[in-house]
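A.B. asks: Okay, here's what each chain looks like letter by letter:
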Amino acid sequence: MNKHLLSINDLTAEDVLRILDTAESFREVGTRVIKKVPALRGRTVVNLFYENSTRTRISFELAAKRLSADVINFTTSGTSVAKGESLKDTALTLQAMGADAIVIRHASSGAPLTLTRWVRGSVLNAGDGTHEHPTQALLDLYTMRDRLGRLEGLRVAIVGDVLHSRVARSLSFGLVKMGAEVTLVGPPTLIPPEAPTWGVAVSYDLEAVLPKLDVCYLLRIQRERQRQRFFPSLREYSRLYGLTRERVGMLPEGCLIMHPGPMNRGVEIESDVADLPQAVMEEQVTNGIAIRMALLYLLLGGKAEGVGGDA
Amino acid sequence: MPEAILLRGGRVVDPAAGRDEVADVGVAEGRIVPPDALPAGALELDCSGLVIAPGLVDPHTHLRQPGGEDAETVETGCRAAALGGYTAVAPMANTDPVADDAAVIREVIDLAAAAGLCDVYPVGAVTRGLAGEDLAELGEMVEAGVRVFSDDGRVVANPQLLRNALTYALAFGEVAIAEHCEDPALSEGGQMHEGQHSAVLGLQGKPRESEEIVVARDLALARLTGGRLHLLHLSSAGSVEMVRRAKAEGLRVTAEVTPHHLVFTDADLVTYDTNLKVNPPLRTAEDRAALRRGLADGTIDVIGTDHAPHPVERKEVEFDQAAPGTIGLETALAAVLTELVEPGELSLLRAIEAMSTAPARLLGAADHGGPIEPGRPAMLVAFDPAATWVVEPPFASRSRNSAFIGRTLRGRVVHTIYRGELVVADGKAER
Amino acid sequence: MSATRILDEDEIRRAVTRIAHEIVERNHGAEDVVLVGIANRGDDLARRLAREIERIEGQAPPVGVLDITFYRDDIGMRAEAPEVHETRIDVDITGRVVVLVDDVLYTGRTIRAAMDALVDLGRPRAIQLAVLVDRGHRELPIRADSVGKNVPTRRDEVVRVCLRELDGEDAVYVEEPAGEPGGSA
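Those protein sequence lines, which keep their order, are chains R, D and P.
Everything in the first sequence is counted per numbering that gives the first Met the number 0, starting at 0 for the first residue and increasing by one.
Everything in the second sequence is counted per numbering that gives the first Met the number 0, starting at 0 for the first residue and increasing by one.
Everything in the third sequence is counted per numbering that gives the first Met the number 0, starting at 0 for the first residue and increasing by one.
Please keep in mind that the hints were generated in silico from the structure rather than gathered at the bench.
Yeah, the Cβ is synthetic: ideal placement off N, Cα and C, and Gly gets one too.
Misleading hints may appear alongside valid ones.
[Unchecked claim] A short, non-exhaustive set of chain D residues, derived as facing chain R with CB atoms under 10 Å: (1) Gln159; (2) Phe171; (3) Gln195; (4) Leu250; (5) Thr264; (6) Ala266; (7) Thr270; (8) Gly363.
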């Protein structure tokens with residue numbers, strides 16, 4: 000594996016399997032009375048969050064703490080461009096403090112890669128702009144494999160605002176890498192025209208896709224996109240692309256319903272659909288901790304590069 | 000003080016005279032003289048293996064002064080120009096204050112004269128304050144020597160305003176309105192070319208059409224007005240094709256391309272290197288091929304560096320927060336030699352024409368662009384087309400945001416002679 | 000590299016049988032005993048011990064497998080993070096006697112890690128240790144309650160345990176390091 004995790008494309012299929020298998024062991028740790036192991040004792044993990052995302056930050060924080068790492072949360076709200084310290088200066092500060100890993104969430108695509116130029120430790124992308132969110136994709140792959148027993152040949156629809164979704168990018172790349180069949184579904188304004196070059200299919204007709212699925216993966220729709228005129232109204236969006244109770248009836252038995260959260264109940268997903276047994280959002284959250292433990296362990300369990308490493 | 004110099008045994012490439020031959024060139028009293036008319040004791044420079052060409056002319060430079068002296072000054076920019084083989088540059092009007100009146104124009108000319116490294120031919124603003132609302136006082140600036148007007152950095156968005164600018168400028172003869180072709184709504188928020196790579200990198204794209212729509216509009220207005228239109232830094236294949244047809248039709252239009260658009264593509268952005276963030280964006284290999292063909296066949300007239308210095312803190316940031324632009328004066332010639340001339344896509348004569356003779360004509364810079372004939376002002380560059388070097392900071396430019404950092408280039412400026420004086424000797428600036 | 004066999008199949012079988020008896024004697028039966036093998040090979044030995052104890056007592060004690068990777072003290076000293084194996088102990092160890100089972104006892108660091116792992120899983124009444132080979136060179140104050148064979152070794156020698164389940168044969172070898180004496184292996 001590489002020293003950093005910036006994109007799902009940094010990983011081979013073997014790497015992905017190794018991460019999922021390692022996560023399996025860490026999920027067992029999560030069932031113990033004492034949910035903590037000393038694997039990363041003495042290591043320092045910094046959560047550098049330029050976007051407010053309590054869910055992802057807590058998941059990483061818990062993962063690092065269950066590995067006995069020291070955790071520093073460095074959260075700056077709003078965009079940093081106007082005042083505040085530059086990303087570079089922050090990076091140099093964290094470097095001076097001896098951070099072994101920096102988990103970064105940033106509104107700018109590519110910011111994690113840029114950060115690697117200024118720090119010696121490992122950089123984990125916890126979501127950058129409209130680029131990628133590889134840990135989310137890995138926990139989704141884990142959840143699918145755990146529930147359905149395989150990834151190869153799975154038929155997965157990713158529904159919604161693919162254009163602006165870092166989750167959709169990482170998950171598409173990850174699923175294709177593992178041999179699944181991916182269909183992107185959404186209004187044509189929100190599907191990148193180049194998406195077929197990713198090895199995925201594209202459809203603008205949700206109901207035509209539903210009967211052939213093993214997983215129906217819904218993306219969060221941002222209200223802002225309506226203002227940017229990508230679609231006329233949220234009402235029309237949910238009429239065409241929302242997963243309603245009626246549409247759930249078109250799904251084959253055993254088809255999973257997934258969502259990276261937080262959900263807009265009543266927009267991309269009808270409220271009581273989210274509470275059906277085949278909707279596995281809570282498992283996604285639980286598995287997220289195990290995946291992040293596995294990644295921190297695999298990236299930091301080797302030589303200590305934070306201090307005098309080779310970068 | 001003007002010196003007497005003998006450039007011995009170089010290959011003289013002089014597009015204005017249609018000349019490409021090994022010959023000696025004499026310089027005395029600031030002018031070209033026959034070698035046998037040189038006074039005794041002239042400085043003799045062995046130029047065997049070197050190419051001697053008319054000093055390069057950059058029709059598109061940002062010198063940042065006044066207002067942006069943390070990025071560049073007239074002096075540092077002129078030094079970078081001289082080291083790049085240029086004897087004249089055309090600084091754009093987007094300074095602070097904007098070069099929209101004769102006072103700012105004269106200030107820049109005076110600063111350049113004090114530096115004594117190359118001539119400047121400032122480009123005046125089309126609209127007051129580049130605000131796109133009211134015409135600037137073009138006539139006053141013409142009197143101060145301006146021959147090209149541009150709101151570069153922005154398009155003149157209002158078609159009626161551009162129509163009037165093109166028409167009004169007819170009064171001044173060969174005065175061009177130079178357009179930065181980019182539709183503001185289609186390119187808003189865009190970080191790079193919209194295509195396969197922007198989709199994967201998660202960066203908002205600017206489609207080719209954001210340029211092509213404006214090129215089409217501007218050509219229509221050139222047809223309507225009979226005005227003299229110059230199109231800056233073309234980036235798309237479609238734009239090249241439109242210009243080709245417009246020229247065939249006889250419209251008074253010229254076009255520019257930058258070295259970086261001739262060298263890089265959007266695929267190079269996978270590293271999120273902010274030095275490759277430029278405006279208009281780097282496009283695909285097909286676009287690059289069309290730009291190269293257009294340059295070779297004369298559809299594109301000039302190579303302009305769009306030398307755009309930015310201080311480190313505006314480049315060492317997140318990609319979407321980085322300022323667009325790359326410096327280019329010190330690498331332009333080598334980039335063109337390495338990427339176009341060496342592989343045989345462009346003749347050396349045509350390259351020098353596009354980097355010297357044609358831009359001199361555009362700017363009305365009568366002293367520049369050759370021919371290299373007795374009696375002409377001595378504006379010369381001597382370069383070694385075989386010398387290879389790796390582009391690395393520091394630069395003579397005050398900024399270091401070069402898209403070419405780390406690249407190996409072939410072709411290095413050895414001497415630059417400006418008004419008969421050796422301002423660059425053996426690759427080093429003399430002042 | 001030259002290898003000397005120090006235990007053969009029969010000797011291993013006899014050692015396992017003896018250790019099983021010792022466990023039963025020490026604990027006055029095997030009612031409260033849980034055998035926990037340290038992955039890899041310790042778990043195979045634990046299953047063999049369970050079968051022996053079943054022969055003696057009529058009932059096999061529960062067997063668990065413990066992966067101590069997360070508890071190692073050499074994290075950061077290896078190029079790559081060590082591979083993680085499964086930990087699976089299906090009974091509650093609180094209040095019971097846990098017999099840790101491993102193939103080789105050497106520095107004691109593995110056992111230290113295993114004890115840390117165990118206390119995170121519950122609170123055993125006692126922890127005992129059974130090993131097939133004790134090769135000496137302890138770095139921690141740890142000793143085994145049952146030992147199949149004590150084998151004096153040099154530090155640069157390698158003790159290699161082969162078990163049918165994993166390696167296709169039952170044998171223990173001591174291997175000389177390759178290359179010249181004193182060279183690094």
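A.B. asks: Going through the numbered hints above, which ones does this structure break? Give me the numbers in ascending order.
C.D. replies: Numbers 1, 2, 4, 5, 6, 8, in rising order.
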